[in-house]
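Asker: First to last, the protein sequences are chains A and B.
Read in this note's numbering, the first sequence has 1690 at position 295, and its numbers run on one by one without any break.
Read in this note's numbering, the second sequence has 126 at position 125, and its numbers run on one by one without any break.
FYI, nobody ran anything at the bench for these hints, they're computed from the structure.
Worth double-checking, as some hints may not be accurate.
[Claimed, not checked] Computed far set for chain B versus chain A, every beta-carbon distance over 10 Å: (1) Glu34; (2) Arg38; (3) Asp106; (4) Ile204; (5) Leu205; (6) Ser206; (7) Met278; (8) Arg281; (9) Arg298; (10) Ile301; (11) Pro302; (12) Trp306; (13) Glu332; (14) Glu340; (15) Glu368.
[Said to hold, decoys possible] If you anchor each label on the Cβ, the simulated ranges turn out as follows: (16) B:Asp188 <-> A:Ala1480: 23 to 29 Å; (17) A:Asp1619 <-> B:Leu94: 31 to 37 Å; (18) B:Phe92 <-> A:Gln1462: 50 to 56 Å; (19) A:Arg1421 <-> B:Glu57: 57 to 63 Å; (20) A:Val1701 <-> B:Leu94: 56 to 62 Å.
In this text the structure is predicted, and so the values were computed from the model without any measurement.
Using N, Cα and C, we set each Cβ at its ideal position, and we do this for glycine too.
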Amino acid sequence: MSKGKATAAIVGPGNIGTDLMFKLIRRSDIIEPRYMVGVDPTSDGLARAKRLGLEVSAEGVDWLLAQDELPDIVFEATSAKAHSANAPRYAEAGILAVDLTPAAVGPYLCPPVNLSFNLDAPNVNMITCGGQATVPMVSAVSSVVPVPYAEIVASVSSRSAGPGTRANIDEFTETTSNAVEAVGGAERGKAIIILNPVEPPLMMRNTVFCAIPPEAGEPGELQDRLLESIHAMEATVQEYVPGYHLRAAPQFDPARDAWRGQARVFIPIEVKGRGDYLPDYAGNLDIITAAAARVGDLMVAHRLGVDTTWKSSADLGDLPDTTTMPQEAGV
Amino acid sequence: MGDMTIRPEDVPVVDREVTETEVLANATAAGGERDLRITDSTLRDGSHAMSHQFTEEQVRGVVSALDRAGVQAIEVTHGDGLGGSSFNYGFSLVDELDLIRAAVDEATQAKIAVLMLPGLATVRDLKQAHAVGASVARIATHCTEADVSTQHFGEARALGMETVGFLMLSHSTTPDVLARNARTMVDAGAECVYVVDSAGALILSDAQERITAVVEEVGRDGAQVGFHGHQNLSMGVANSVLAYQNGAVQIDGALCALGAGAGNSPTEVLAATFERMGIRTGIDLGEVLSAAEEVVRPFIPRLPWMDRSSITQGYAGVYSSFLLHAERAAERYGVPAHEILQKVGEYGYVGGQEDMIIDIALELAQEKELGDLAGSGVR
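Modelling step: build the complete structure from the supplied sequences, incorporating the hints.
Answerer: This is the structure we're talking about:
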């Protein structure tokens, strides 16, 4: 890292990698996307990156690591298997890795919850799209009251779930429920994902259910503190995912025997994509690329000892029209 | 009971010594010779109608009665399949693995089946069910999303389980797309693919066209086709007969129709109807009628019925298990259940999106409030 800037490589030129490239170009002044790497010479993503001036190759990570000037940071948007194989090689080369696959080589990271503890980690994992959308809210609740159980339901449009996600849907449920516990702070977590093919495509919609103590299920000071925490978290996430919002007010249900004597809070979240490259309904992709770019920006700023230069959408104004959804995608 | 005439085709030609095993395998209690297999889902789809409160005693009673009646496949799981016990779908009273274990214990000839929905349940859940004795894996996806089930069919086959694919809300896509998704499941390892009328929305020819398309697509590979009907528009049994006549050889039912929405095709009516038609199911009609009347009927809190809400589900194409959730939200937010269900249909929500019912109830409650304000002159 020199001259107050870091160079980045994006490994995996699919929808996620491409959207991430646009976000880094537009939103960060301290990360310069320099390389885009894939394995398919006919990839649209590689061609697009090349047009934007990146150095590209279809010869994978071998090519990347053979360059005279290695990147300071690599964003990996391939598969869990690929990242598991590549991670030790990045580490050996001293390259910071932000992992957008479910490989979870490094700690799960959700920017508003646990980035500050992990600023020096050599490798961080971005959980899943559903995790990025819901873990902040589980954490908002568990920071006020104990949460013995939290359950999240992520509904995404079929068009935004690519072949990788579909072939390994268990990875989504397992990784997300693990992060609901490890990062969200629930004693036990459960995650559910639903693909909906309706046209026009649905916006990404997530529900967070948390079991909470009976007194928090009734109106009062504790419930007010919970609401305050939930709304504060909504604003924090909006700093980097402007389309993130509660679709309705959180709903509290009083304690029931069937809930082991616990009360429940229901938090409905909608994520409208911000369309750096992908369409509005792909909020699930937007939230994970936005989180990854944000994490990269903050970790680089920390290493360089400079302030973050992140530009929010409000700073950028309207962006060009988004494309229609290409073939490859993933949540 | 029924037609006791012995027809020429009923008399087996024996040209070699028959082993005891073969005799047992063909005994009536084991189903005997049959033209189709009825899978009873009282203890799975019926779980919705029971708000997932089945007890071990009820499960033992139902399995034992079905097993005695010669039903060869009995499905036991939370209504939403393995792992369904949750805030979103309702918590089970008894851990489903305990219920599956009890069912396996009671069955002498019937196979115990489990349902799983990828995205909700994982391979780990399937392995646990297999470990306690489940031997049929029924793997369900929305009818256009079959490719999320590939890994699960592979694992189920590797475990040595019989595999069945379940294409939910089959009314919501075309026969061609349905057939393509059936192909995906068969390629992944499904031995049978069901056209699942989750909303009870298919009306006769709609069911027939879908069965025919799926049979044409996967039948040539030796894969079977099945039909799972609901009674919301009272078509469950009629559609099942049409399905058989168009090549389906596995048909789902539930005792006393105990299932989501207006309930399933009643197993006892299927057995009686097929017997009247001379179609062999291997089920003893007298035994299955007493299973419905004496075992299941007494513990049902409310018989599934075609009322305003469940008919709306059939009409608007809404996943049947949304019914009780809509009724609860209706009560909590003071809006009509059938209006919630109508909106669910309009918005195109699919199986598993029970959380959207709360969104819709809130939306309707807000509209109502604004309407009330307007009515009282407030602008």
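Asker: Hint by hint, say whether it matches the structure.
Answerer: Hint check results:
1. With a least CB separation of 40 Å from chain A, Glu34 of chain B remains clear of the 10 Å interface cut-off, as annotated.
2. Non-interface call for Arg38 of chain B relative to chain A: holds, since the shortest CB-CB distance, roughly 29 Å, exceeds 10 Å.
3. Here Asp106 of chain B stays apart from chain A, with its beta-carbon at least about 26 Å from theirs, past the 10 Å limit.
4. With a minimum CB-CB distance of about 22 Å to chain A, Ile204 of chain B clears the 10 Å threshold, and the non-interface call stands.
5. Every C-beta of chain A lies more than 10 Å from that of Leu205 of chain B, the closest at about 25 Å, which supports listing it as non-interface.
6. Against the 10 Å criterion, Ser206 of chain B stays outside the reach of chain A, whose nearest CB is about 24 Å from its own CB.
7. With a closest Cβ-Cβ approach of about 37 Å to chain A, Met278 of chain B is found to remain outside the 10 Å limit, as its non-interface label requires.
8. At roughly 39 Å from the closest C-beta of chain A, the C-beta of Arg281 of chain B stays outside 10 Å, upholding its exclusion from the interface.
9. Once the 10 Å rule is applied to beta carbons, Arg298 of chain B is consistent with being away from chain A; the minimum gap is 25 Å.
10. Every C-beta of chain A lies more than 10 Å from that of Ile301 of chain B, the closest at about 19 Å, which supports listing it as non-interface.
11. Its beta-carbon lying about 15 Å from the closest one in chain A, Pro302 of chain B satisfies the requirement of being farther than 10 Å from that chain.
12. With a least beta-carbon separation of about 24 Å from chain A, Trp306 of chain B lies farther than 10 Å from that chain, consistent with its non-interface assignment.
13. Every CB of chain A is more than 10 Å from the CB of Glu332 of chain B (nearest about 12 Å), matching its label as outside the interface.
14. In this structure Glu340 of chain B is separated from chain A by more than 10 Å, as the shortest Cβ-Cβ distance comes to about 17 Å.
15. With a closest Cβ-Cβ approach of about 13 Å to chain A, Glu368 of chain B is found to remain outside the 10 Å limit, as its non-interface label requires.
16. Taking 23 to 29 Å as the suggested C-beta distance range, the pair Asp188 of chain B and Ala1480 of chain A conforms, at roughly 28 Å.
17. Checked against the given bound of 31 to 37 Å, the beta carbons of Asp1619 of chain A and Leu94 of chain B, roughly 34 Å apart, stay inside it.
18. Between Phe92 of chain B and Gln1462 of chain A the CB atoms are about 55 Å apart, so this pair conforms to the stated range of 50 to 56 Å.
19. Remark: the range hint 57 to 63 Å for Arg1421 of chain A to Glu57 of chain B is upheld by a beta-carbon distance near 59 Å.
20. For the pair Val1701 of chain A and Leu94 of chain B, the supplied restraint of 56 to 62 Å holds, since their beta-carbon distance comes to about 58 Å.
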